[in-house]
Amino acid sequence: MDPVIEIAGLCKDFRTGFWRRRVRVLHPLDLVVHRGEIFGYLGPNGAGKTTTLKLLTGLILPTAGAARLLGRDLMEVAAKQRIGFLPENPYFYDYLTGREFLDFCGRLFGLSASLRRDRIARLLQLTKMEGAAHLQLRKYSKGMLQRLGLAQALVNDPDLVILDEPMSGLDPLGRKAMRDIILQLKAEGRTIFFSSHILPDVEVLCDRVAILVAGRLQDVGRLDQILKTETESIELTLQHVSAELLRSLQGFTQTPILEQADGVLIRLPDEHRLDMALRMALAAGARVISVSPQRVTLESHFLREVQGAAR
Amino acid sequence: MRIAAIALNTFREAVRDRILYSILAFALLLIGASAVLASLSIGQEGRIVKDLGLASISLFGTFIAIFLGIGLVFKEIERRTIYAIIAKPIHRFQFLLGKYIGLVLTLLVTVGAMVLLVVVLAWAIDGHWTPGLLAAAALDFVALMIVTAAALLFSTFSTPTLSAIFALGTFLIGRLSGDLKIFADQFAGLGLRLIANGIYLVLPDLSRFQMGAQIVNGLPFDSAQIAGTLLYGLAYILMLLSLAIGIFQRRDFK
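Sequence lines, in order, name chains Y and A. For any residue, its number in my numbering is found by taking its place in the first sequence, counting from 1, and adding 25. For any residue, its number in my numbering is found by taking its place in the second sequence, counting from 1, and adding 600.
So here's chain Y without its partners, still in its complex pose:
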């Protein structure tokens, strides 16, 4: 597959305090993002996500390591010609109107006046900002600034779109709109690399994810593979369960057995115990309604990774 982002040993130290002590915020990072992927970059606050994104966009300079974006070295300014970037909690020049700001961004990419006009009209439509294009940005709400931020990230028709917390500060409708736009960008063949805290959105959108904790990469891979390899528990639903069988089945699990309208629900920790419970239930004349493995959610996987790293 065609790599769009290739990161090799990229790391960053900051100097803090009076004695300018060196603190490593990003440990040597190796990561590859392929063309056409939606790649989720996850991690708790302070994990180094924004630091990575700032390194990729040239806002901070690497302490060591290298990265190639769309085949060009990170330090080459020309590499940014085909890249769009939405910073976290974007703040733009509040004395400009939305249209003026997008036009200014278009000029920074060296776009001609007619191309800028066409593209701005299309982006205002895409982000549903046509009605606010004539307003100065100081009058914009947080959600409007986020949408304008996305529009400015797309003004150069980029092949790679880097988004730092694109869902932050958006209401449910705004999040849905942002998700739809991200999916549309993927359908157009673009690569999207984004950081987020909002795991359900990541689960819906991403082809692959990376989990970063305390500046170190903990896990990276296809979302379906990461989550398929592990089952959290198996739910067994039975009918015609006698009181005696119920007491015996409770021995297979720590979780209390639930008595529901359609039968009893037993949450078993693994397949071995499922086998034993099934054998016992069938021998005692119970009827099996369903056996359903409970897949690990991204959230529980994420929490496990973060807690594991903390230990």
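Straight-line alpha carbon distances no greater than 16 angstroms define the calculated EDC-like cross-link-like pairs of lysine to aspartate or glutamate that follow:
1) A:K675 - Y:D119
2) Y:K211 - Y:D232
3) Y:K211 - Y:D27
4) Y:K153 - Y:D205
5) Y:K167 - Y:D196
6) A:K854 - Y:D38
7) Y:K211 - Y:E62
8) A:K675 - A:D852
9) A:K854 - Y:E113
Calculated directly from the structure, the hints in this document are not laboratory data.
With chain Y's structure known, arrange chain A on it following the hints.
For chain A alone, coordinates are given in the frame of chain Y:
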């Protein structure tokens, strides 16, 4: 095109800022008031208008250069507006030069308005216009460009308050550095003379750009001397901008 885009945006920011209009209105009012003051003198009306006019241009031009210059880069970093810009295909030196040119353009328009008023008032009083006034204003403008470059340099690594103190200090010492050199050459011992000469070489000699008194008194001026002063000014600006770019190039925008 990219430098021009940043410059135009900086100019637009300045002209949409009410502070600029307040300073300009005050400056124009003071220049206008010099005509009233001139009417109280006998036979010196034109001289007073030109004298006060040029002093006002220098004073208020410096205000604008310092107060807008100190925030040029700091504000961009503090408000995080720089994030979306540096992530675009623009070299950091292009960004800095664009900011500088934008502010110089703002100064050109505001100083231009002040000069126009002084020229019109002087012409109304004297009955003829003094071309030397424009030469004096042009030289003063180059001095303002130096102060702007100094403010921009300080703005790349310190807060606006500290930048204002540094820039104002540069302006004041720059105005006096010519006298400092003369004083050291005439009175000081060898050690002090070396120190004074060192300071003179490092800090800009802004007194070179003050030709108001010569113009007002109708004295002839040497074009070779003016050309030399202009070259000195441009070299100094280039040095300040290079330093600013060198610092800005290595900055992390955390």
